[in-house]
Every structure is written in structure tokens, then in C-alpha cells.
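**Q** So the sequences go chain by chain: A and B.
Here my numbering = 1-based position in the first sequence + 209.
Here my numbering = 1-based position in the second sequence + 411.
Just so you know, these hints were derived from the structure itself, not from any lab.
Don't take every hint at face value.
[Unchecked claim] Example chain B residues on the side facing chain A (calculated, C-beta under 10 angstroms, incomplete):
#	residue
1	Val517
2	Lys564
3	Trp584
4	Ser585
5	Lys694
6	Met696
7	Pro773
8	Asp810
9	Ile813
10	Val847
Just so you know, even glycine gets a beta-carbon here, dropped at the ideal spot from N, CA and C.
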Amino acid sequence: MAEKIKLGFLLLGGCAGCEMSVVDLSEKLVDTLEHVEIAFWAPTVADVKYDDLENMEDNAIDVAFIDGMIRLDEHVHMAKIMRKKAKILIAYGVCSALGGTAGLGSLHDKEELFEKAFKNTPTTDNPDGVYPQPECLVDGKYDLTLPKYQDKVRLLGQVVDVDYNIGGCPPHYSHVEAAITALVTGQLPPKGSYITNGKAVCDVCERNPVNKEGDNRTMMYRVLRTVDGVPENDTCLLLQGYVCFGPMTQGDCGASCLHVNTPCRGCGGPLPGVEDYGAQAISSIGSILKDETVTAQLKEKYPNLSKFFYRYSLPSGILPKKM
Amino acid sequence: MKKIEINPMTRLEGHGKIAIFLDDSGNVDEAFFQVVEFRGFEKFLVGLPIEEVPRTVSTICGVCRGVHFTAAMKASDGVYGVQPTRVARKLRELFFNAHYVEDHAVILYALGLPDFVVGPSAPAAERNVVGLINAVGAEIGREVLKKRGYAVKIFEMLGGKPNHPVAAIPGGWSKTLNEMEREQIEGWAHELIDLSKLTLKVFGDVILSNPGYMELVTGDMYKVPVNYMGSVDENNMVALYDGTQKVVGVGGEELYSYNGMEYIDYISERVLPWTYLKMPYLKKMGWKDIIDGDGTSLYSVGPLARFNVADGLSTPLANEEFKTFFKTFGTKPVHNIMGYHWARAIEMLHCSENILKLARDPEITSDDARAPLGEVTGEGVGIIEAPRGTLIHHYNTDDQGIVTDANIVVATTHNKGPINLAVRKAAKHFIKDGNVDDGILNHVEMAFRPYDLCLGCATHAVKPGSSPVEINIYDSSKELKQSLKNF
Chain A
210 MAEKIKLGFL LLGGCAGCEM SVVDLSEKLV DTLEHVEIAF WAPTVADVKY DDLENMEDNA
270 IDVAFIDGMI RLDEHVHMAK IMRKKAKILI AYGVCSALGG TAGLGSLHDK EELFEKAFKN
330 TPTTDNPDGV YPQPECLVDG KYDLTLPKYQ DKVRLLGQVV DVDYNIGGCP PHYSHVEAAI
390 TALVTGQLPP KGSYITNGKA VCDVCERNPV NKEGDNRTMM YRVLRTVDGV PENDTCLLLQ
450 GYVCFGPMTQ GDCGASCLHV NTPCRGCGGP LPGVEDYGAQ AISSIGSILK DETVTAQLKE
510 KYPNLSKFFY RYSLPSGILP KKM
Chain B
412 MKKIEINPMT RLEGHGKIAI FLDDSGNVDE AFFQVVEFRG FEKFLVGLPI EEVPRTVSTI
472 CGVCRGVHFT AAMKASDGVY GVQPTRVARK LRELFFNAHY VEDHAVILYA LGLPDFVVGP
532 SAPAAERNVV GLINAVGAEI GREVLKKRGY AVKIFEMLGG KPNHPVAAIP GGWSKTLNEM
592 EREQIEGWAH ELIDLSKLTL KVFGDVILSN PGYMELVTGD MYKVPVNYMG SVDENNMVAL
652 YDGTQKVVGV GGEELYSYNG MEYIDYISER VLPWTYLKMP YLKKMGWKDI IDGDGTSLYS
712 VGPLARFNVA DGLSTPLANE EFKTFFKTFG TKPVHNIMGY HWARAIEMLH CSENILKLAR
772 DPEITSDDAR APLGEVTGEG VGIIEAPRGT LIHHYNTDDQ GIVTDANIVV ATTHNKGPIN
832 LAVRKAAKHF IKDGNVDDGI LNHVEMAFRP YDLCLGCATH AVKPGSSPVE INIYDSSKEL
892 KQSLKNF
């Protein structure tokens with residue numbers, strides 16, 4: 210048997226859902242372990258400390274996955290260390306690849322965030338008006354430190370060189386399986402690209418009229434929120450007036466949201482060749498709205514369009530982060 | 412003073428570290444549990460339509476992948492002044508119980524049990540789920556993962572995705588079940604009951620029958636006497652999806668009970684400069700610092716807390732285990748935090764039984780899964796028992812249901828004080844005369860694992876509300892006419 214591939218997993222500013230997508234391989238995880246060895250998986254799964262990673266030789270890890278966005282100086286530091294230790298570095302999941310939902314935090318500045326969290330909520334008790342401090346001497350003798358909070362959310366590729374991206378929030382376990390197979394067999398796309406089947410959600414969606422013989426797609430004649438009426442189960446949601454990001458989103462999920470009669474919101478990331486997901490989404494959806502009345506309806510139904518179209522990708526966009 | 416730092420704390424969700432200070436003779440003077448991340452969630456929920464919030468806020472945590480979604484969905488019911496239809500409620504509960512089983516299984520097998528199955532002082536490289544699979548054999552490992560996978564499949568079938576679900580609708584559920592799907596779930600439910608029984612057997616064989624481990628389970632080094640909060644139904648049985656929130660004191664006496672919006676009268680969150688996570692306490696008692704025992708205003712939530720506030724579990728097999736649990740400890744409330752792991756295993760069985768019951772419900776395949784929406788009320792509170800404990804989501808909206816304000820109080824946040832107490836106590840017990848090695852430090856880390864930390868959850872932080880804005884209106888002669896402030 211060929212030598213096992215050494216894998217590393219590192220969670221930065223994320224939710225560990227990406228790591229759960231590996232656990233969700235279920236019994237196939239046991240088979241996977243025949244081909245791979247876990248060299249580092251922290252903090253979620255293994256008892257390895259940051260020192261252990263720092264003490265490893267450079268390039269000791271064959272493939273490293275980093276999930277989560279970059280918000281703290283510690284994230285930057287650890288990302289740089291992992292870059293040195295890994296031959297191949299993968300931005301795993303939409304936070305790492307595009308910033309993720311937490312990337313919407315960049316629409317607000319740090320002071321605004323801290324003031325709300327640590328002073329102005331109905332349950333907050335802060336008699337001295339203190340904020341968490343990078344350095345703090347408690348009771349005059351206990352010297353404690355916290356990582357520094359940075360002004361904006363960044364994606365992994367804005368901090369270190371990334372070899373591949375994988376989209377999804379988190380990636381579907383079937384896609385994880387395909388990606389690991391690609392890694393084990395060395396069948397990888399050109400560096401810098403997404404590991405994806407390259408199809409859009411619409412391409413794999415059973416509702417798509419183009420996939421149904423004899424049907425054509427028509428323009429959106431109205432815009433509805435998902436609380437407006439009940440969508441028909443088998444019909445394209447766009448045709449019914451429900452904004453769905455299926456046309457511009459990677460479909461490695463198998464159009465999973467559509468299975469439960471709910472529109473896609475773009476967690477899979479952009480199709481190959483697209484740099485700015487949100488801008489692409491705005492122009493794609495804009496181009497299928499029937500007329501100006503429908504355009505006005507979109508703005509009325511979704512008053513904050515940047516949070517709508519850039520739900521998972523704001524830090525990767527060219528849009529100014531705070532107006 | 413010498414400082415030892417455990418960074419990062421491992422086998423948990425999120426980022427934390429432990430700082431331990433030793434005095435000149437090498438004994439523990441003080442220990443701190445620090446949460447070292449901060450994202451900023453509620454702030455950016457402002458501006459989203461409330462029905463988009465459950466799927467968005469779910470990404471606060473990917474381990475407890477169903478909880479923020481569920482609490483926000485319940486809050487969205489309130490915003491639209493609507494109760495889910497009976498069928499929708501059952502579909503939600505089916506989904507939620509499936510989440511409990513897969514989540515509790517992950518926590519036990521990947522995060523908690525390696526300490527016992529592989530050994531608390533085993534080499535660090537082996538103390539993980541892979542080491543656990545090696546210890547029990549690939550066949551059993553495969554079986555456990557496969558069976559747990561059925562719970563993920565139920566979650567995905569109903570929620571739309573295997574993680575960060577999307578099927579929430581105010582007053583309803585976007586997915587209905589056909590007979591074929593129902594049958595499949597019923598079949599999987601039997602497998603989940605098997606998995607839960609196996610888990611309890613592993614727990615019994617490995618921990619309860621091992622005198623050395625029982626010392627850890629019942630001993631003082633992992634004992635943290637505090638108050639407890641959890642939800643109960645009308646029969647005072649543990650309630651997960653919906654119930655009344657009840658608080659009992661250190662001695663087990665009932666202190667308070669509350670519902671919905673009243674949470675603001677019972678919970679305060681103290682800001683501390685050395686951690687990004689606030690420390691909640693019982694508001695009516697006032698802040699008493701980080702102390703345990705009589706007089707403490709700190710409280711715990713989660714499986715052990717639920718057991719301590721309730722009279723039992725509503726399903727027969729699990730209720731028998733509930734009785735055994737309290738018989739073994741011989742006291743109630745149980746303050747031994749290793750009891751968390753055991754209670755977790757029992758809840759797995761409870762939820763598996765619930766899944767079977769719901770899968771057999773004749774109504775579960777009905778299409779009546781969406782209630783007509785009422786007028787937008789502009790406010791909603793959703794409180795559930797997440798696997799890690801009481802979770803509160805509170806939203807305000809405009810008259811179109813667009814979010815204007817939010818407050819989220821998370822399970823792991825409630826436990827911040829007790830975790831700090833547990834870490835301090837374990838550090839003082841295990842670190843003596845300057846003797847410290849990896850095994851000893853792991854015994855300190857074992858003090859937080861029962862709480863099943865979700866620091867991603869806890870550090871959703873950033874509360875929104877309006878940005879501070881001042882608008883000054885001048886008349887034509889540049890005289891200030893009116894000043895509008897929202898702060």
C-alpha cells in the first residue's frame with residue numbers, strides 16, 4: 210500500500226461545521242483512515258497544541274485544510290504557520306474561501322461591535338464599562354492575554370497563498386468524499402481553483418425547466434419572500450417569484466435546499482471563472498427580472514441587498530465594506 | 412509567579428485557553444478559562460428578513476448544527492404572531508431529536524469518551540476519535556459511525572442540508588414527509604435506539620465498572636455545586652423543544668420559573684476584561700463573583716442541569732436510566748460534572764425513543780405543515796433546550812418582519828462561570844508541588860469537556876440594535892430645531 214497521506218485540519222474563525230462534514234462521512238471515515246493519517250486536527254478533535262504545530266518540520270503535512278475566516282491576529286499567525294508546514298493548503302468551506310456569513314461583520318466597525326456586545330444589550334451587566342483587553346492584569350498579579358481583534362474579516366487567501374478552495378457551508382459529505390478521493394488519487398485541478406464538479410445548482414436541480422424536456426425558462430414576473438404564499442414543490446422557484454441563487458452557485462451539494470422547497474442562498478461559492486460572487490448574483494438575478502416594477506419589488510422585499518446577495522461572500526467582494 | 416498556558420484547549424468546538432498560575436511552592440494559586448474569539452453575529456442580522464435568520468444564524472455553530480436555527484425559527488413564529496400547525500410542530504421535533512442524537516454521539520465518542528476509553532493519561536496523539544476507533548476496533552467504530560449517520564440522514568431529509576438546515580418557515584416547516592420517507596425514518600429509529608443502548612453499555616463497562624474512573628465521576632475534584640437551569644413540561648419532565656424554564660438552587664430547592672420574554676428578569680451577563688465571553692449569573696441574586704456552593708449566583712445548563720431540575724424523562728427506557736442515574740449518585744441535585752457525560756448518553760436514548768414515536772405518528776405524513784401567518788407583531792423570543800443547555804434567541808423587527816435588533820444568550824455562555832470553577836478546582840487538585848505533565852494537564856482539560864463547550868456559539872457575541880446616530884435638524888436660519896438621538 211502506498212504511504213498514507215498526512216492530513217492537517219485547523220479551525221480559525223469558523224463554527225466547526227466543516228470539521229463535522231468530515232465526521233459525517235460516517236462509516237466511510239473509517240475507510241478513509243486507511244489512506245490518510247491525521248497529523249494535526251485542532252482544536253476540535255485531537256489533543257495537539259499550537260506548539261506541536263510550530264515544532265513540526267516545514268512541509269511535514271501533505272494536505273492541510275483550514276476552515277473559518279480570519280478576524281484575530283492569532284488567526285493570521287496560525288494560518289502562516291500552517292502554510293509553512295503544509296505542502297498543499299486548502300481553504301475548506303465558504304468562510305475560509307469567501308469569508309462566510311461572519312464576513313458580514315465587516316459591514317460594521319470594531320467599536321460598534323464591541324459597544325453593542327459588551328455594553329448595550331438587555332442582559333449585559335458591565336458596571337465599569339470595560340471591554341475585553343488584549344492584555345490584562347487581574348487582581349494586580351494574574352497577567353492574562355487575549356488575541357487582538359482586527360478591523361475587518363478576511364478570507365484565508367488574503368493572508369497566505371492558498372492552493373485550492375472548497376465551497377459549501379459546510380461542504381456536503383458526498384462532496385467531501387469526492388474531494389478526498391481527488392486528493393488521494395492526485396487528480397487535482399489547476400492550482401488556485403475550486404475543487405468542484407463545475408456544475409451550477411440549477412444544473413443538478415430537478416425543478417429546472419431546462420432539465421425538463423420541452424420547457425424553457427422565462428423571466429421573473431414578481432418577487433416573493435419565502436413567507437409569501439407556498440411554493441409549488443416541483444416547479445423552479447425563480448419561475449414562481451422566489452429569488453434563488455441556483456444559477457450562479459456551485460452545485461456540489463446536489464441542490465440540497467431545493468429538496469425541501471427552499472431557495473439556494475449561495476453557500477457553494479461562485480462558478481469557475483467568477484471572482485466576485487455577490488456582483489455576479491446581482492447581475493444574474495437583475496437580468497432575469499421582467500421589468501422595472503419587478504426590480505422595485507426586489508428592493509422592497511429585500512431592503513438590505515448587500516446582506517442578501519453577499520450572504521456568504523462579503524469579504525471576497527469588491528463592494529466597500531462599510532459605507 | 413509561574414504561569415502555565417494550555418493553548419488551545421482541545422476537543423471542543425471553538426477557541427479557548429486555560430491559564431494556570433502557580434505559587435512559589437508549585438501549587439495552583441488561581442486558574443482562568445479564557446475564551447479567545449469574538450465574531451459579531453447579531454449585529455449583521457439586522458436588515459435581514461426574519462425568515463432568513465434561522466438558516467443564517469445556524470452558522471454560529473456547526474457542531475450544534477440544529478439549535479440556533481430552531482430557536483430563531485421559534486422566535487420567527489412570535490414575530491408573525493403564529494403557532495406552528497400540529498404537523499409542523501411534530502416535524503420540527505422529529506428533526507430536533509435527530510439532531511440531539513447525532514450531536515450527543517459526536518460529543519461522547521469524539522470529544523468526551525476518548526479520555527476514558529483510550530485513557531486520561533494516554534499519549535496525547537492517541538486521545539481522540541481515531542485512537543478510540545483503534546481501541547474498540549474498526550468494526551465497532553464503523554458500526555457506531557454508520558448508526559450515528561442515520562440521525563444525520565433524518566436531519567438532512569427534513570432540514571434540507573446535513574448541517575446548517577434551511578427548512579424553517581414561521582408557523583411551519585417547508586418539507587413534508589411521504590410514506591416511503593416515514594418508513595425509512597422508522598427503520599433508522601430502531602438503529603438509533605440500538606446505538607444509544609450500545610453507548611450506555613460502553614459507558615457502563617468502561618466507566619461505571621472501573622473503580623478508578625468512578626473516583627473521578629463521584630469525587631470532589633470534578634464537583635461544582637452551583638444552581639441549575641433547564642426546561643420542563645407540564646408534568647415536570649425534561650422538555651427539549653419547548654417548555655417552561657426552571658431554576659433550582661444548590662440544595663435542589665426550586666428558585667424560579669419563567670417563560671419567553673421574562674428571561675430578561677432572570678439573567679444578567681457580566682463583562683470581564685480577560686475573556687471575550689461574558690459570564691451570566693442569576694439576576695435576582697446579584698453578582699457574587701466566581702464562587703461555588705451556598706450563596707453563588709452562578710448556574711449551569713445542559714444535560715446534568717436538565718436532570719437536576721426535572722422529575723424524569725417522558726420515554727420509558729430512558730426514564731429507567733434516569734432513575735438509575737440518581738440512585739447511583741444517591742443525591743439530587745448531582746454536582747459531579749462527569750454526570751454530564753452520563754446524562755448525555757441517557758438523553759441520546761430518550762431522543763431515539765422520541766424519533767420512533769414520532770415516526771409512528773399517523774399524522775406525521777400529513778401535508779398540513781404551514782399555518783397561515785398573522786400580522787407582524789415586531790417581536791419574538793424562542794427558547795429551547797439545546798444539547799448544551801438553555802438557548803435564547805430574541806428578535807425585534809419592523810412592520811415588514813425585517814430584523815432591527817437581536818439578543819442571543821447561548822448555552823455555553825451560561826456555563827462560563829461553572830467551567831471556570833471546574834477548571835480551577837481540577838487544577839488545584841491535580842497540580843501539586845510543581846509537578847506538571849501532559850497527562851496532568853489533560854486531567855485539567857477533562858474538567859471542561861463534560862460541559863461540551865461550544866465557543867463558536869458562545870462568541871456569536873455582537874449584539875445589534877441601532878448604531879448610535881444623532882440627527883440634528885436646523886431651520887432655515889441655521890438654528891437647531893430638533894435633535895434626534897437613538898443612544
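**Q** Of the numbered hints stated previously, which ones are contradicted by the structure, given in increasing order?
**A** Violated hints: 6, 7, 8 and 10; rest satisfied.
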